[in-house]
Amino acid sequence: MNLWRKLACAVLVLVIGASVAAGWLAPAGYAKQYREETNSPPSHAHWFGTDEIGRDRFARVLYGTRISLLLAPAAALLSTLMAALIGGLAGYLGGAWSRVAMTVTDLFLSLPWLFLLITARALMPLNVSPLLSVLVTFLLLGLLGWTTAARVLCASAGSLRSSDFVRQARAAGIHGQRLFWIHVVPNLKPVLYAQFWISIPVFILSEANLGILGLGVAEPMPSWGSLLKELEGLVSVGEEPWKFVPLVLLVIVVTSFHLLLSRQDEMAV
Amino acid sequence: MLRWKIVGHVLALLATVLLGGLLSATLVRLAPGFDVDEQELDPHLNAASVQALRAARQQHDNVLRFYFSYMNRAAHGDFGTSLALGQPVRTLLRDRAPLTLRLLSLGLGLAWVLALTMALTAAWLRLSAYDALTTVVSGTFLCIPAAVLALLSVLWNVPGALAIALIVFPSIYRYARNLLAKSYSLPHILAARAKGLGEARILCWHVVPVVAPQLLAVAGVSVSVAIGATIPVEALCGLAGIGQLAWQAAVARDLPLLVNITILVTLVTLLANSGADLIGHIVRGQRA
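Just so you know, the sequences run in chain order A and B. Quick note, the first sequence lines up with residues 664 to 932 if you use our numbering. Quick note, the second sequence lines up with residues 36 to 323 if you use our numbering.
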């Protein structure tokens, strides 16, 4: 493991640790409003200041980080599993199956990601409860984000299909599901692993974009997207620099995820 | 061969239109308020007239019949009426398309100039410090959400086209840098250098023909990324284009408008990708 990967690991452990300990580090919670201290600058009581309705920004950043860092990997897992099932099976079966699956995948890939997301989000009721809005947002990301990974997995499974060990397994009488689950899927693990790690920063950024556009996690639940929405009210960059804390944290975390993906993983993709 | 490729692309476009049309019709039909007609609230209408209105609407109960009528109207340029804005979708799209097209063409042009300049200088200079600097710069832009870049462009009074360029260029740079680095290490380039050929001649005669097909494929993808970037840029910079219209439609749950915009955008993306693929095919054919 090189120095950059070690650094990225340390940063992620620190950020995840702080978000897990949010209840202990910010016991008042993310929704408590200090009405006499609205829009206050950083102080001993409120390290990152308060927002326009007096909520502690430090607490909101911690809880928002917890939501984004818990659910983005969950969505990445869902999309990777879908990609494994669709792309892996299409590649393994080959022929018409592969062509049909890849045509559908290409059609999905032609849809610009954000257009697809806001269309799907608009189909859901916008006045859902905050908790449900969190789940809906990340579930949509997971359900719609499988296409690129499916293409990669289809190509990988296709090359495995004609590999020597699969031919040998076929010659030994192993067919169907057993061949797929025991001989093909384990060999797709490096690609699956790489796709999983690639998807996490993509989903974190997508949630942030949706949140800023007002189509993400509903108030008062914090997420990086809803926290970044605060930047809309800024008149100049130097005016309240502490409002940039969520952005800096997001950039650091996304960079760390990119660094974690080693060269070997990139090669596997 | 090229003819079959063109046929394949045309079929893919047709399939998209048909599938997209079916999806649109289904979504519009399922949208809240589809079965409600405010004309029924007109106090001048008697019970028989209200009943006649309902009977006319019942013709749409059959999804397939509704689909054919929707496609028939769409073929004649009638894409329905926006629920939120109360205007024909066709008029809304026609009014806003020029701004989006201008933004897209300027943004994409700037992004390609920026990315290729950085990638080429990195390949020519071969300085690890410069390479690291350009990678960090593009990597940082890659880690910032597009919507934040749009907000910052408002704060710094930066034109929307530049915001789109800053969103798109990191993706182009990554591929262009890798492709150029790989090409410049090929044996025939090393031989050309050893023979004393100038950098401009090496680039035009030996590098461009090798990387052109792959760069054309990236060009198709970059159109898709740029189109996606128009939503946050237009919505947050207050530019009345199609991206802003899509965002307004999503917030107002105006499905007839949103679905039509999505299909239009998909068609534009498919056309861009098909065009890039066909040009790449021709370039490869000429090289062979």
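No lab work stands behind these hints, which were simulated from the structure alone. Note that beta-carbon positions come from the ideal geometry of N, C-alpha and C, so glycine has one too. Careful: at least some of the hints might be erroneous.
Said to hold, decoys possible - Computed Cβ-Cβ distance ranges for the label pairs, DEER-style:
1) B:ASP77 x A:SER703: 32 to 40 Å
2) B:VAL171 x A:VAL763: 51 to 59 Å
3) B:TRP39 x A:SER826: 28 to 36 Å
4) A:LEU740 x B:GLN86: 31 to 39 Å
5) B:GLY273 x A:GLU902: 17 to 25 Å
6) B:ALA252 x A:SER703: 45 to 53 Å
7) A:VAL676 x B:GLY233: 49 to 57 Å
8) A:GLY896 x B:GLN249: 41 to 49 Å
#### Entry: Hint check for SER826 of chain A and TRP39 of chain B - Cβ pair distance inside 28 to 36 Å
holds (30 Å)
### Query
Cβ-Cβ distance between GLY273 of chain B and GLU902 of chain A: within 17 to 25 Å?
Check passed, 20 Å falls within 17 to 25 Å.
### Query
Within 49 to 57 Å or not, the Cβ separation of VAL676 of chain A and GLY233 of chain B?
holds (51 Å)
### Query
Quick one: are ASP77 of chain B and SER703 of chain A within 32 to 40 Å, going by C-beta?
violated (54 Å)
### Message
If I claimed the Cβ atoms of ALA252 of chain B and SER703 of chain A lie 45 to 53 Å apart, would that claim hold in this structure?
### Response
holds (52 Å)
### Query
Between LEU740 of chain A and GLN86 of chain B, does the beta-carbon spacing fit 31 to 39 Å?
violated (54 Å)
### Query
That 51 to 59 Å hint for VAL171 of chain B and VAL763 of chain A (C-beta), does it hold up?
With a Cβ separation near 42 Å, VAL171 of chain B and VAL763 of chain A fall outside 51 to 59 Å, so the hint is violated.
### Task
State, for the Cβ atoms of GLY896 of chain A and GLN249 of chain B, whether the hinted interval 41 to 49 Å holds or is violated.
Between GLY896 of chain A and GLN249 of chain B, where Cβ atoms are some 43 Å apart, the hint holds.
In this structure, the hints that do not hold are numbers 1, 2 and 4, in rising order.
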